[in-house]
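Undergrad: Using the numbering used here, read the sequence shown as starting at 26 and increasing by one per residue.
It is worth saying that the hints were derived from the structure and are not from the lab. No experiment lies behind these values; they were computed from the predicted model shown. What you were told as hints is all true, and nothing was included just to trick you.
Computed list of lysine-lysine pairs in BS3-like fashion (alpha-carbon distance at most 30 Å, straight line):
{"no.": "1", "residue 1": "Lys111", "residue 2": "Lys49"}
{"no.": "2", "residue 1": "Lys61", "residue 2": "Lys77"}
{"no.": "3", "residue 1": "Lys111", "residue 2": "Lys187"}
{"no.": "4", "residue 1": "Lys111", "residue 2": "Lys200"}
{"no.": "5", "residue 1": "Lys77", "residue 2": "Lys57"}
{"no.": "6", "residue 1": "Lys166", "residue 2": "Lys187"}
Per label pair, the in silico range of CB-to-CB distance:
{"no.": "7", "residue 1": "Lys62", "residue 2": "Glu113", "range": "18 to 24 Å"}
{"no.": "8", "residue 1": "Pro155", "residue 2": "Lys111", "range": "33 to 39 Å"}
{"no.": "9", "residue 1": "Glu51", "residue 2": "Gly222", "range": "21 to 27 Å"}
{"no.": "10", "residue 1": "Trp78", "residue 2": "Arg58", "range": "26 to 32 Å"}
{"no.": "11", "residue 1": "Leu79", "residue 2": "Pro124", "range": "22 to 28 Å"}
{"no.": "12", "residue 1": "Gly222", "residue 2": "Ile147", "range": "43 to 49 Å"}
{"no.": "13", "residue 1": "Lys138", "residue 2": "Glu110", "range": "51 to 57 Å"}
{"no.": "14", "residue 1": "Glu60", "residue 2": "Glu152", "range": "45 to 51 Å"}
{"no.": "15", "residue 1": "Arg73", "residue 2": "Asn219", "range": "25 to 31 Å"}
{"no.": "16", "residue 1": "Glu152", "residue 2": "Glu51", "range": "37 to 43 Å"}
Built from N, CA and C at the ideal position, the CB exists for glycine as well.
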Amino acid sequence: MDMKFYMKMKLRVAEVCMIIYPYKIEECGFYKRGEKKPEFGEPSHLIRDFLKWLHSKTSILSTATFDSSEDNIRRVFCIETVSDEKEESYGVVLWNEIPQHEEGVSFIPLKSKIGNVKASTIETSEESIPGWPTYLWFVPKKSLVVSLVPDNMRGFRSSGIKQARKYFENFLYYKSSYVVKENTHEDQQEIEHNIIGWRKQKK
26 MDMKFYMKMK LRVAEVCMII YPYKIEECGF YKRGEKKPEF GEPSHLIRDF LKWLHSKTSI
86 LSTATFDSSE DNIRRVFCIE TVSDEKEESY GVVLWNEIPQ HEEGVSFIPL KSKIGNVKAS
146 TIETSEESIP GWPTYLWFVP KKSLVVSLVP DNMRGFRSSG IKQARKYFEN FLYYKSSYVV
206 KENTHEDQQE IEHNIIGWRK QKK
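Construct all of the structure, not just a fragment, from the sequences and the given hints.
TA: Structure follows, in structure tokens:
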């Protein structure tokens, strides 16, 4: 999924000023070599397939589409969705994991003087995932996705589009209904799958 940033604006929602980052989805799906139009997996189908997959999950943990990777993007989870079927638009809230160590999450006071900085640690539970949210609004028929960032957080976080792109790319390649899997080992306790390709959904 290739998304290109093209403008920024502000919107006040319920007394919270939001910075709006609209992105144009330039490529999304599976393409034949040399073709510009996808054979399948275009935005409208992708988002509906994603929502169907998401609704089959029983916990936040199972909504991750990749483990922490070499490009320093840590795990991303989906924590909420909303749909406007009439307008064919969809809201998605992702949770971006941040690094932590055994003692918890470290932080420093912003007003600390250079050479006299004392780091503190907030202890976190093994059952919790520290992070920050990305608020997205998809309008597939316009190939548009919008990231909304609270104005009071814009100095501390990005629009989250880099994490969102990786999240949905990995959903498309590894979790979507387009994936064709082959059983490589099966017994009463375990079934392992290998991905052997992708194919268009049957109508």
